[in-house]
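Please arrange chains W, L, S, B and G with the ligands on chain U, whose structure you already have, making use of the hints.
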Amino acid sequence: MGILLNIIYLIATVTFVVGLKMLGHPETAKKGNLIAAAGMGLAIVGTIFVHEQQVSPIIYILIGAAILIGSIIGWLIAIKVEMTKMPELVSLFNGFGGASAALIGLVEYGKNVNNATQSTTIVSGIIIGAITFSGSLIAWGKLNGSLKSVVRIPYYNIINNITIIGIIIFAAFMVATGVDSQLVLYALLATGLIYGILFVLPIGGADMPVVISLLNSLTGIAAAITGILYNNMVMLVGGILVGSAGIILTVAMCKAMNRTLGSVIFGAFGGAAATAGENKALGSIKSTTASDAAIMMNYANNVVIVPGYGLAVAQAQHVIHELEELLTKRGVNVKYAIHPVAGRMPGHMNVLLAESNVEYNMLVEMEDINPQFSNTDIVLVVGANDVVNPAAHNNPASPIYGMPILDVENAKHIIVNKRSMNAGYAGIENELFYNTKTSMLFGDAKAALTDLVAEMKKIQ
Amino acid sequence: MGILLNIIYLIATVTFVVGLKMLGHPETAKKGNLIAAAGMGLAIVGTIFVHEQQVSPIIYILIGAAILIGSIIGWLIAIKVEMTKMPELVSLFNGFGGASAALIGLVEYGKNVNNATQSTTIVSGIIIGAITFSGSLIAWGKLNGSLKSVVRIPYYNIINNITIIGIIIFAAFMVATGVDSQLVLYALLATGLIYGILFVLPIGGADMPVVISLLNSLTGIAAAITGILYNNMVMLVGGILVGSAGIILTVAMCKAMNRTLGSVIFGAFGGAAATAGENKALGSIKSTTASDAAIMMNYANNVVIVPGYGLAVAQAQHVIHELEELLTKRGVNVKYAIHPVAGRMPGHMNVLLAESNVEYNMLVEMEDINPQFSNTDIVLVVGANDVVNPAAHNNPASPIYGMPILDVENAKHIIVNKRSMNAGYAGIENELFYNTKTSMLFGDAKAALTDLVAEMKKIQ
Amino acid sequence: MKIGILKETLDGERRVAITPNIAKQLIASGFELIVEEGAGEYSSFMDSDYKNVGVAVEKRAVIFHEAEVLLKINPFDEEDLKLVDKGQILISKLYHKSNPELIQAIANKGVSAFSMDAIPRISRAQDMDVLSSQNNLAGYKAVILGAFEMTKIFPLMMTSAGTIAPARVLIYGIGVAGLQAIATAKRLGAIVEATDIRSETKEQAESLGAKFISVDNEGEESEGGYAKEASADYLKRQKEAVNKSLFKADLVITTANIPGRKAPVLITEEQVMQMKNGAVIIDLAAAQGGNCEVSEINKTIVKNGVKVIGTSIDPRSVSTNASDLYAKNIYNYIIHLTEGTNFKWDLEEEITDETLIVQNGTIRKS
Amino acid sequence: MKIGILKETLDGERRVAITPNIAKQLIASGFELIVEEGAGEYSSFMDSDYKNVGVAVEKRAVIFHEAEVLLKINPFDEEDLKLVDKGQILISKLYHKSNPELIQAIANKGVSAFSMDAIPRISRAQDMDVLSSQNNLAGYKAVILGAFEMTKIFPLMMTSAGTIAPARVLIYGIGVAGLQAIATAKRLGAIVEATDIRSETKEQAESLGAKFISVDNEGEESEGGYAKEASADYLKRQKEAVNKSLFKADLVITTANIPGRKAPVLITEEQVMQMKNGAVIIDLAAAQGGNCEVSEINKTIVKNGVKVIGTSIDPRSVSTNASDLYAKNIYNYIIHLTEGTNFKWDLEEEITDETLIVQNGTIRKS
Amino acid sequence: MNEFLEFIENNLQITYILILAIFVGVEVIKSIPAVLHTPLMSGANALSGVVIVGAILVMLHADPTDYIALSLGFVAVVLGVLNVVGGFAVTDRMLQMFKRKK
Amino acid sequence: MNEFLEFIENNLQITYILILAIFVGVEVIKSIPAVLHTPLMSGANALSGVVIVGAILVMLHADPTDYIALSLGFVAVVLGVLNVVGGFAVTDRMLQMFKRKK
Ligand SMILES: NC(=O)c1ccc[n+]([C@@H]2O[C@H](COP(=O)([O-])OP(=O)(O)OC[C@H]3O[C@@H](n4cnc5c(N)ncnc54)[C@H](OP(=O)(O)O)[C@@H]3O)[C@@H](O)[C@H]2O)c1
Ligand SMILES: NC(=O)c1ccc[n+]([C@@H]2O[C@H](COP(=O)([O-])OP(=O)(O)OC[C@H]3O[C@@H](n4cnc5c(N)ncnc54)[C@H](OP(=O)(O)O)[C@@H]3O)[C@@H](O)[C@H]2O)c1
Ligand SMILES: NC(=O)c1ccc[n+]([C@@H]2O[C@H](COP(=O)([O-])OP(=O)(O)OC[C@H]3O[C@@H](n4cnc5c(N)ncnc54)[C@H](O)[C@@H]3O)[C@@H](O)[C@H]2O)c1
Ligand SMILES: NC(=O)c1ccc[n+]([C@@H]2O[C@H](COP(=O)([O-])OP(=O)(O)OC[C@H]3O[C@@H](n4cnc5c(N)ncnc54)[C@H](O)[C@@H]3O)[C@@H](O)[C@H]2O)c1
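Protein chains in written order, with the working numbering: chain U, 1 to 460; chain W, 1 to 460; chain L, 1 to 366; chain S, 1 to 366; chain B, 1 to 102; chain G, 1 to 102.
Note that these hints are calculated values from the structure, not bench results.
You can take every hint at face value.
Part of the chain L face toward chain U, derived, beta carbon under 8 Å:
1. Ile122
2. Asn136
3. Ser207
4. Leu208
The calculated EDC-like cross-link candidates involving lysine to aspartate or glutamate, where the alpha carbons are at most 16 Å apart (straight line), are:
5. L:Lys307 with S:Glu41
6. U:Lys80 with B:Asp92
7. U:Lys335 with U:Asp407
8. S:Lys307 with L:Glu41
9. S:Lys276 with L:Glu41
10. L:Lys211 with W:Glu359
11. L:Lys276 with S:Asp49
12. U:Lys111 with B:Asp66
13. L:Lys303 with S:Glu41
14. U:Lys457 with W:Asp451
Glycine residues also receive a C-beta, built at the ideal position from the N, C-alpha and C atoms.
For reference, chain U alone in the conformation it holds in the complex (with noise of 0.2 Å):
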């Protein structure tokens, strides 16, 4: 390889590097997304062009196509895709990811049967991408909602352990005895990709996310894989990279789901774990953490906040009004929405608020208030319950009905803080916790508050 080509990895890395870091942060993703792909891009033509053996141009022109179509294909799905399909998209993008290191290590392999290194990289890089590779497919399928969330295998257990099994005997023997048998090479291939079905088929649809980072983080380790056996230093570190980024970032995603990897993955065997908030009638709930809050409301042109009983229990009057101050100097429009029954006594709402010298002029009246929600992009339900339950338009029956509520199902995101799936005042259940454009932000009013300042804080 020419200095130059080495030049260019070496940009290329610090690329993934940069990039990877940008991404971490709301202000700078974007750039960083694009710096990455600069680099990544960097790569590709550098490998391409700059090298120093003869290649025939079909070869050329066979890879130019490649490049072309795969690139047509990509930017198209990407782009046509909806915005909430996008999590089965990147799963099915990792698999392509992974399916290419193992196809590249099935080419290799009867190149290097002699030596032992090489042979081990690329037995790893095939079992590692078959996995990826089937195990995204399933995750896409459990996404995209054309398979069945939980799927309960017959035996699972047993058959899991064969798989298993039957993969560390086909490697041990290729690289022990250097066999160049394609057969050997192909029944690795297919235990591997068995065993990524097994993998994700038990694991529940909430829980995909986190399978998918997981995975993820496999192909970079395919990828670094495939770097040692080349020994090109912008796979191996660039793999290395998002192999151990993705670790941290799936254990990440499980916190802030409350959850431990270790439950994610094997806890689906069990087949306990119905997911909390499900509820017959109604449906399931979406719970949020503060930190995703924060950046929804940092970015929101428009928010209400709907104080309610939970507030003055919770005696977070002082939090709430540091950040309605917060949000208001990020230039973000804030208002309070006062029902006239929150809380228990009349007025309750304006003692409270006064007490944290909330400006009067930022509470607006039920009726004022109501034909704004449309317009609103996020409304933060703070304790309360019965003032914005829709039973009180919707059900006869209900103890509630005829009166007048906080339209707040008209705003384009909901967040809901209280403590639990308790009901208010009134004893009965509400179903805007259970909209699919509520978030549950659980917790304590005041905690959960000074979270949410926390978060957006770190924003800026």
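Structure of chains W, L, S, B and G with the ligands alone, referenced to chain U:
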């Protein structure tokens, strides 16, 4: 090098990274230091005992003696030195490190004159080591007072430039010609030493910590260069770590002092920049940062908050309450000392603190709190001035003479938050601010306390 | 349909049932309004204010004669009933449970009568709930009255002339009035304690910064949010739990009521004798017999240096705001009862059912 | 040395110069104390409270006869002076600048007289400063009085019976009383605006959450912290700046004083006629002629639906706390003036010099 | 175990690179806000497409007549490019939501 | 320039190690509280004493009769050890102040 030694070095490298990382958090810093030290010990022991060539016993004895001498002296100095003299000691030690690197270069030069890469490495090592050594000694002298703080040298610029040119010429000559002359070698060493002196001499005493950090970073680079020379990974990686971390640290220190690195190094030459906050009669003030203040308070046992009129002006009552709650949660014993005429009307502080729901029993009257100050670790004075002005005791000419005050001087440390050095209601200077136990935290009370709270939250 | 607004005749009453602002809304809804001369005088509404929005101002007799619907706040009394004609509709508070004679008298007149105090405490009736709207103001004003009568101030003040300890305020009954009293006293800087027979009020009191005094009882809760009558045992244990605070209190506000019954006696004369010299008791239940044994309605009695002020839960003194809210409640109620401008008489409907006490001379509720 | 505490005789006065608590401290310092019967009655201090701490309770004549030092709050009047003997020391407020006849009468008696209202406003005299300690309470009580008299409530309330707009409070004069009035009104939830001739008060008002109304003047500052008399031009421009707020105000509290002079007229009758129906004006400067043209001391005058209440800056109604603070001021003052239990008569010393108005029959200050 | 040691011995610098890269990966990612989890995952996914370099190398090294290698390589390149291009494009779209207002 | 490129060419992996180590150093240090600046500086200083390894190597490689090399090496070792031992010890003492109470 045997595999064992390599693994030892690998482990040592990892301890360096981990140790450095842990040093960045108050909770883990001590442990981090020990881990890095253990890694260093391992590397040293490994270097001595795990190698393949034959070494005569006399050399072992010499090495043992050297290590013994160095250890005992280093240990004794470190243990005996007063807390306040530590920074200068760091400078001294750092100089020794640089000297060590330069000496290695001196020995190795003759053996490697014919290899351009090696000789480049060695020459750079000598130059950097020499600069670090002499520069650190000057910094040490400045800090311990044996050198006048800012030294003006006639024709400084000319001499400085000549030295730099000298270094370049010698170095280029040596690398290019591969001359094996002790004369040239020592001439290079000497110019390096001179440059180190010239570099540090004109910089003010207050900026010494930044300079030490910078020189420290240079020592790291010298070590890394030596590592390249010996193809020794632990030196290479360890040195680079120190080099890059040192640069970041240097910049951070400048930032904390509200300076740029450039202004520290080159600003000195202009010779202007009389330190702000110097007062003929009262001496100089010490300003602090929210981050420092937060750590001090976080690790205190007893904190007393003294609110004054400025707290009301800034409307910082809610933030001070947040701070107090946070401290209390961390196990700090917090009280408010209420001076009877703090503010501008009787009961001003009471109204203010009641608004943010400070518990009545946290407010202590002057007569009751005054005897407690001697047992107080930190007094945080927020926007108060006259009510803590010792002139009321000491200065019969003062308009406030005879007024009872809060005797905050008796506390172990005083942090004063106000916007400037402006006087309070009585329009008089306050010598408390010039007390050696006092740190000024400048800024509007609301902003400064908000920062303080944010920093406090970062700690745990 | 013509609605007549009468001037209140009860001694000390300063409110008016409909304010000019609400009158305007009723007119906009198609009703015709006439108001008695000077009806709004004590609530800072002048006859000209009514005229300006299109209400005819008339003498008392004219109102009784012309209006199909007669509005008052306080119950119609004998004098009023003399002027009432068959077929008219009366709307006011009636307290039908404790006023059987009045109800009989109304029935005898062959009229229909709705009672504002009988509006059920259900969610959708909250905007007609005069008890809530008025008790709320009463709670505020009780604290202001207390602060006015006391020889001490509320907040803690550390001054160069010494420290003034904060006033200690004790509140009995954490209903609507009690809660607002807590909020107001707390705002002014007092140390506030409160107690109630309903255990769910603990969290509510604390949400406003008061300390709740728990009486260790089995917490016999509520009947539709209202308290049941307390047992003698409870009252005894309540005294024990509260006495320490009572004897230190500078201001005591009592709001405890059991709907349809005499108010429970929570502070005996014996307890008053042990209170601090200079303390003040505001008994908002005095009209229902009083929570304090010593109190008499509309009187200030000084016992052992303790001022006991008997007053009613009606916030007569903040008449402007009280009238505003009351009027809004009546407005919502009338809109609820009518279709176009005619009454629906939908007896299946809970609110109508509960509040229509006399229908065309027949007593429906007693 | 025997100190006599007299009962106040001024109409409406409810305070007492020395409270039992402070009496105890004086006795501990070596003084002998006698108090007139019933002196503390209206401040919730009983004769027995005094006896308990070692003060002898005596009839009025006995006090005058036996005490070497006589203490009062309000100036000694003709009746008092009849009973005074040569050589006695009188301590009270005297307002010597506006009361030359009184001072002459005192001098004629051949006694010495110290005036509490003449204590200089210097830092070390803050704990003797009765103006500060009393005005402070007056500011608080003015708001309570206003809240009591109003037919509206202070805070904003959004309820199911409609929204009550917050009360608008306007305060003239941001001295000690004005600041405390701001703080108290703000606590209760009002929208508070304030104005003062001294421009340094802007920041102070804002530090308590009030909006300052600036009159564009050259801000003629102060003489030792006090306001100078305002020019006619200033008063005109003040009216222009303030009128918008005045005509929207629900409660106006005026506290503007210029020491030793008649209080400036800040609200004319014409302005009152343009105010809101139901508004209340509390004129704390009524004793100095009033900041409102309409006000009269100790009277409530209703003009155009506006209640104008003339009262003095003395916080008589919060007599317990006011007496506590006043007594503590006097205590500090007496300790300052004496050595052991004897007066030092150190005329070089600023506080003594400024406050000793008559020395042994000779007038020192006028 | 022995082979592992041997690998380290033979690839000492690679081992250092591996370890340091792991540290960088970990340090660079930790403590990111949860709302960036998905975009970051997507971005990392695009990066893992660096395996495309290997796929290209396979083709470059292939004998023009080795159809199996060529076609496998071709597919590998297509899939790898899909991963890279699609990955970065999707990430970019996801990050639209972080546009600063005004 | 050419020599620089040559160096990279010849020491490719070392270059990667250098760059990655720089990243690690930067990432590991950034955003530390100001009060830790001094202890951290002191700790980094102790670490820079890793040059002692070189000094020891000088002595190990030295001919037992090369007195100049031996004595320079000896001094280098003494100074290096001073840096290491003194550095860590001082850092440790500085960090006493962060002891948790109770
Ligand atoms: N305003 C009045 O005059 C008045 C008087 C009487 C009755 N009411 C009735 O009270 C209700 C008021 O409605 P609302 O929406 O304000 O209250 P709500 O319906 O009672 O709901 C309050 C919610 O706050 C949550 N919460 C409690 N403590 C919390 C804490 N520390 N942190 C976070 N969340 C907390 C509770 O859920 P978790 O337990 O899951 O946290 C609860 O669901 C209405 O039904 C109204 O009719 C009003
Ligand atoms: N309590 C009473 O009744 C009363 C009445 C009248 C007079 N006084 C007098 O007022 C004084 C009270 O003493 P004090 O110590 O409370 O106040 P002070 O002596 O007036 O000092 C207040 C300090 O706060 C600082 N400050 C102002 N705004 C600030 C802000 N936004 N953020 C941070 N700091 C701010 C100012 O310094 P910077 O400008 O540098 O920020 C000033 O030095 C005494 O002299 C007393 O005699 C009291
Ligand atoms: N549907 C609604 O949304 C709605 C509207 C308004 C009020 N309410 C509820 O109605 C209930 C009654 O409110 P109210 O103010 O009219 O009550 P009230 O005037 O009938 O009684 C006042 C308080 O006195 C208490 N009390 C009675 N006997 C007592 C005793 N022996 N000792 C101590 N306390 C005693 C009661 O528990 C009550 O809290 C409250 O729970 C209130 O929240 C509900
Ligand atoms: N030494 C001390 O520490 C100390 C102690 C107490 C008070 N003080 C100061 O003394 C000063 C006077 O306080 P006070 O309450 O006794 O004052 P005051 O009673 O004499 O007057 C009340 C206020 O009315 C204002 N005023 C006068 N004429 C006015 C006009 N035409 N328009 C508007 N406002 C007008 C004055 O400026 C003053 O603020 C204040 O500055 C106070 O801070 C100082």
